[in-house]
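Visitor: Chain by chain, the residues run as shown.
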Amino acid sequence: MDAIFLQILNGLDKGGAYALIALGLTLVFGTLGVVNFAHGAIFMMGAFCAVTLEKLLTLSVKVKDESVTFFDAYKETPYLELWFGDTGTAIIDWSVPLSIILAVPVMLLIGIVMERSLIRYFYKRPHAEQILVTFGLAIVLQELVKAAFGANPIPQGAPDIVSGSAAVGAIFGLGEAVVYPWWRLIYLAFSLITIGLVFSFLHFTTYGMVVRAGMADRETVELLGINIERRFTIVFGIAAVVAGLAGVMYTPVLPPDYHLGMDFLVLSFVVVVVGGMGSLPGAVAAGFLLGILQSFSSMTEVKDIFPGIDQIIIYLVAVVILLTRPRGLLGRRGVMES
Amino acid sequence: MSNTKIVSPKKDMIFMAILSAVVLTMPLWLQPFGAAYPDLMQKFMIFGIFAIGYNILFGLTGYLSFGHAAFLGVGSYTAVWSFKLLSMNVIPALIFGTVLSGLFALAIGFVSLRRSGIYFSILTLAFAQMSYNLAYSVLTPITNGETGLQLEQADPRVLDRMSGIEADASLPTPNLFGIEGIGYSGFYICAALMLISFFIYLRIFRSPFGLKLRAIKSNQNRMGYTGFSTRPYLMTAFVISGMYAGLAGSLLAVTDPLAGAERMQWTASGEVVLITILGGVGTLIGPLLGAGIIKYFENIFSAFNDTVLLNAFSFLPDWLAHPIASVVGLFVGEGWHLTLGLVFMLIVIFLPGGIMEGISRLSRLLFKREKTEPKSDGHENKEKEQTSAGEV
Amino acid sequence: MSETKLIGNVSRRTILKGSAATTGAALIGGTFPMHFIKNAHAQTFRGDPGSASSVKLGFNVPQTGPYADEGADELRAYQLAVKHINGEGDGGMLNTMKPLELKGNGILGKKVEFVTGDTQTKSDAARASAKRMIEKDNVAMVTGGSSSGVAIAVQGLCQEMGVIFMAGLTHSNDTTGKDKKRYGFRHFFNAYMSGQAIAPVLLDEYGNERRAYHLTADYTWGWTQEESIKAATENIGWETVNTVRTPVGAGDFSQYITPVLNSGADVLILNHYGKDMVNSLTQAVQFGLRDKQVNGKNFEIVVPLYSRLMAQGAGEAAKGILGTTNWHWSLTDAGSQAFVKSFGQEYGFPPSQAAHTCYVQTLLYANACEMAGTFAPWEVIKQLEGFEFDGAGNGPTLYRAEDHQCFKDVLVVRGKENPQSNFDLLEVVKNVPRAQVEYPADMFGGELGPYQV
Chain A
1 MDAIFLQILN
11 GLDKGGAYAL
21 IALGLTLVFG
31 TLGVVNFAHG
41 AIFMMGAFCA
51 VTLEKLLTLS
61 VKVKDESVTF
71 FDAYKETPYL
81 ELWFGDTGTA
91 IIDWSVPLSI
101 ILAVPVMLLI
111 GIVMERSLIR
121 YFYKRPHAEQ
131 ILVTFGLAIV
141 LQELVKAAFG
151 ANPIPQGAPD
161 IVSGSAAVGA
171 IFGLGEAVVY
181 PWWRLIYLAF
191 SLITIGLVFS
201 FLHFTTYGMV
211 VRAGMADRET
221 VELLGINIER
231 RFTIVFGIAA
241 VVAGLAGVMY
251 TPVLPPDYHL
261 GMDFLVLSFV
271 VVVVGGMGSL
281 PGAVAAGFLL
291 GILQSFSSMT
301 EVKDIFPGID
311 QIIIYLVAVV
321 ILLTRPRGLL
331 GRRGVMES
Chain B
1 MSNTKIVSPK
11 KDMIFMAILS
21 AVVLTMPLWL
31 QPFGAAYPDL
41 MQKFMIFGIF
51 AIGYNILFGL
61 TGYLSFGHAA
71 FLGVGSYTAV
81 WSFKLLSMNV
91 IPALIFGTVL
101 SGLFALAIGF
111 VSLRRSGIYF
121 SILTLAFAQM
131 SYNLAYSVLT
141 PITNGETGLQ
151 LEQADPRVLD
161 RMSGIEADAS
171 LPTPNLFGIE
181 GIGYSGFYIC
191 AALMLISFFI
201 YLRIFRSPFG
211 LKLRAIKSNQ
221 NRMGYTGFST
231 RPYLMTAFVI
241 SGMYAGLAGS
251 LLAVTDPLAG
261 AERMQWTASG
271 EVVLITILGG
281 VGTLIGPLLG
291 AGIIKYFENI
301 FSAFNDTVLL
311 NAFSFLPDWL
321 AHPIASVVGL
331 FVGEGWHLTL
341 GLVFMLIVIF
351 LPGGIMEGIS
361 RLSRLLFKRE
371 KTEPKSDGHE
381 NKEKEQTSAG
391 EV
Chain C
1 MSETKLIGNV
11 SRRTILKGSA
21 ATTGAALIGG
31 TFPMHFIKNA
41 HAQTFRGDPG
51 SASSVKLGFN
61 VPQTGPYADE
71 GADELRAYQL
81 AVKHINGEGD
91 GGMLNTMKPL
101 ELKGNGILGK
111 KVEFVTGDTQ
121 TKSDAARASA
131 KRMIEKDNVA
141 MVTGGSSSGV
151 AIAVQGLCQE
161 MGVIFMAGLT
171 HSNDTTGKDK
181 KRYGFRHFFN
191 AYMSGQAIAP
201 VLLDEYGNER
211 RAYHLTADYT
221 WGWTQEESIK
231 AATENIGWET
241 VNTVRTPVGA
251 GDFSQYITPV
261 LNSGADVLIL
271 NHYGKDMVNS
281 LTQAVQFGLR
291 DKQVNGKNFE
301 IVVPLYSRLM
311 AQGAGEAAKG
321 ILGTTNWHWS
331 LTDAGSQAFV
341 KSFGQEYGFP
351 PSQAAHTCYV
361 QTLLYANACE
371 MAGTFAPWEV
381 IKQLEGFEFD
391 GAGNGPTLYR
401 AEDHQCFKDV
411 LVVRGKENPQ
421 SNFDLLEVVK
431 NVPRAQVEYP
441 ADMFGGELGP
451 YQV
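Protein chains in written order, with full-length UniProt numbering: chain A, 1 to 338; chain B, 1 to 392; chain C, 1 to 453.
Treat the hints with care, since some could be wrong.
Capping the alpha-carbon separation at 20 Å, the derived lysine to aspartate or glutamate pairs in EDC-like fashion look like this [what the hints assert, rightly or not]:
hint : chain 1 : residue 1 : chain 2 : residue 2
1    : C       : Lys-56    : C       : Glu-379
2    : A       : Lys-64    : C       : Asp-424
3    : C       : Lys-416   : C       : Glu-101
4    : B       : Lys-84    : B       : Asp-12
5    : C       : Lys-178   : B       : Glu-152
6    : C       : Lys-319   : A       : Glu-66
7    : C       : Lys-382   : C       : Asp-424
8    : B       : Lys-212   : B       : Asp-306
9    : A       : Lys-75    : C       : Asp-424
10   : C       : Lys-56    : B       : Asp-306
11   : C       : Lys-83    : B       : Asp-306
12   : A       : Lys-55    : A       : Glu-66
13   : B       : Lys-84    : B       : Glu-180
14   : A       : Lys-62    : A       : Asp-72
15   : A       : Lys-62    : C       : Asp-424
16   : B       : Lys-84    : C       : Glu-447
17   : C       : Lys-319   : C       : Asp-424
18   : C       : Lys-292   : A       : Glu-176
19   : A       : Lys-75    : C       : Glu-447
20   : C       : Lys-416   : A       : Glu-66
21   : C       : Lys-111   : C       : Glu-101
FRET-style restraints, in silico, Cβ to Cβ [what the hints assert, rightly or not]:
hint : chain 1 : residue 1 : chain 2 : residue 2 : range
22   : C       : Glu-417   : B       : Thr-267   : 39 to 49 Å
23   : C       : Gln-345   : B       : Val-328   : 44 to 54 Å
24   : B       : Phe-331   : C       : Glu-205   : 19 to 29 Å
25   : B       : Phe-331   : A       : Phe-172   : 49 to 59 Å
26   : C       : Gly-207   : A       : Ala-167   : 25 to 35 Å
27   : C       : Glu-101   : B       : Ala-312   : 27 to 37 Å
None of these hints come from the bench; they were simulated from the model.
Because the structure is a prediction, the values reported are computed rather than measured.
Glycine is no exception: its CB is placed at the ideal position from the N, C-alpha and C atoms.
Here chain A stands alone, though its shape is the one from the complex (with noise of 0.2 Å):
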């Protein structure tokens, strides 16, 4: 019992950061019907936008250590320690909360730049050539991340206050032992709540329901005397501070490196295909499905009757799904089926 609760609580936790990139995907596609290649590697950068706040807060004084002879070895200071104390130590301690701050413009000034300058070319071109277009950029990206930070992954502290784990257990009644990392729970309150807000905004402000209504029936809305395209243009911008976002809060999890976004590329393209392609509610019962299906596979129980189930259960619930409902969980009909 202990161990399907945790097992819940892990698909959860991985579901919210599945559906929080595919919801960035599958927005996207439904407002500009751009099939993006380049979104895992926004997800990427939104990490490295961490790693960069990170590195400039503890810009340090150098001690040399004078006991290694052969080689520049030294201590480091950072200046906020030496300029404020503990307080300075407090504010290194939060960095991974604080790169919130930064990435929200950075992301939505880059998903921006990157619409104007290339994207809004590939509206009207072949699905085929906005993926390559996009593979290319997402390649361009990644490489230009590796020259500036190396390939190692570089880790990422969650803040000491939340790194310990929480007594999950005795609030669901399942005893002291059941314990959940802080972190991972933030983190899923995060995305539910970064999804929340996305849906709020395209459901309940003015500007949101133009964009449904353009994504719904594009000419219309321009016939109405809209400028639908700037809006789009915005979308893609709160795209890429989504997944931005949700490459900031998944730092301590997974210590980011340059290929993060390949990693989570095609991964993040089963989820909004499974979801349906263009389904906002998809997309993100998608990301669950798969995350909590991905977490059981991996129990030995499971993997005692199905060897190896958990290398390929991402996939083989694409493949049933596809077959059984045509347009994944919850596609409309004609979308990507020229």
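Given chain A's structure and the hints, the job is docking chains B and C onto it.
Guide: For chains B and C alone, kept in the frame of chain A given last:
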């Protein structure tokens, strides 16, 4: 692709003759490019076969498969098993590799072709990733996992033993009745098979069957209304291209008898998509050019290191050579992926039809100047096209 | 179809003429490489520099993909080795290695040059790259690699091609076990040695009543390590609760870690390397495993194969974690000091264990050629087989003739709690003497194959 003209068989034969001449003389004219060594030329041929096969499906029908690497992998594994169990002769390896990949394609195609568009793509991707993940881990007894399936001294090689061919102390080499699969002879084996494959591919392009596939691409519904059932045609195209991939995979094993699981990874499937689009989707010769360029990048650009660069720029004064070498160094050697990414972007942005579009624009520019004014946007790409064409 | 239009402009006659000429040339082109054919002449061999004034070596390392940083460090070490062999720089280990016949004038009087290639950590790409070095650049030796799969694949190729392969970082028992080759040599230690070296330390630190839970990367290297570590720990009285295989590149390991919490195990052994290890260790610590008390004991995590680059990637999580490593820059013997000094002065930071093994391998090959008086691989192999040397950083070392595995001291290290500097991430717990990690040569099976191919 509405400009399908009736091309006389005679012209096709001339075309084949020129192609054969160009391919067979590769060891000579690739010399200045540093690419005239057997392994790379074999790769040009093998990935050429893979890409033209892929073009039969993607170029003609528009169905974008992300899972063709699985067929390449099945072809390789089958060929190596044929070497291990039956004979070091390449004939059974090639036949079994191609046929088994075809059967595998039949099974995957049967399921995947129930859907179209991106759903088809994801289905093929899912099958290929499952094959890869399983081959890497739980199927290790068959695939030898991460290391890859290799030949061993103690392999049965039933047919060879029966006909009295015993391996000596060193490992036997795949051969075509004594012609070795490695080195230059291996290149000529690959080249011959590539030319045969290309001829079949040419016939498919020109056949009524090819025409119907194109019709599916332009409007599948309309095809349906006119009473055609498109599924059998799609199925046939899928299986044929799967067999081409299987042949390419078996040839990989012929020239280098080791089959690694990463051959089936999604990036390998992605590579053949890139090759085809880079060269020119739906064009005859484009996929061959694309294969050449990508493999050239992978093998030659990645090998430029700082020392090579400094030598290359040694004619410059020192203070200039170092900064230039370090800037260029970003794009070659360990940075070759960056160049690859940039090339994709530039090609797709400016030449959506791939290199073939570049070449035809260029030829319009050169030959028809007097007739019609060339499109102005041909100008800016001229240089790029020349260099990319020159690398092949 | 534009290409057929183009043809229309060329007369048939010119084509016939042209193709006749070119096919003729092709035939000549085809005959050129005939002298590469196996056994065409007993004295010829691939990579023979002949009368050239220089000899080329091939450095085949991962330049893209997850091990790119490790590959870059290997490449630095190779370049340093080439410098030292050619008599440039301060000579590094040339001053400390014994016996050594290198004179600082290249190999056999020929200046050493090198070519590089990208393995992409894939056996296919690595073999293609090695083939380019052999076929195009005519290298006398290929070296490199940052994964066992790649090393075994390239080693197999080098055996077929008749070119010596000096393996870089490869830790699987198979490299010099069931997949050993006459033309392949490994200086790095292996999973079995890790197990033998770490077991006594584990006994000292954690006692003999422990219950271990293994998470293992689901591929050949992971399995051999799991097998070796399991045998070694069971030997000291530990019980193995469970062994679970994880997909390579899983990223998030939470679904494999939560079952550990309530399994009754009190030690987690991570048979992961590279990014998998960084992720699984970070997440295991995040799940509070290290703060746990099970069976009245502190829960412990062990990472049998450790490296400084990975400790860096895992950051705080690596502190206090035990593991083994082939070599570490803080060693104070003369050979290590000489190497760290020249590497540090050249690049400004200390070398990794991968850099060390690659540097030593290059010197060993060069020295063997010098001793053999020829580049002919079968002669060089005979010099390397059974070669005993000292002063290369791991104490007296033997290149065992039967399986081409080096036997030397192994380090047990621990992630440092209070680093003195930015490179001070591991502390050496124990320098395990060579005698303790030795094993019979036929233990892992395999055939070396012939000297001449």
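Visitor: Please name the hints from earlier in the document that this structure breaks, with their numbers sorted from lowest to highest.
Guide: Going through the list in order, the structure violates hints 3, 4, 6, 7, 8, 12, 19, 23, 24 and respects the others.
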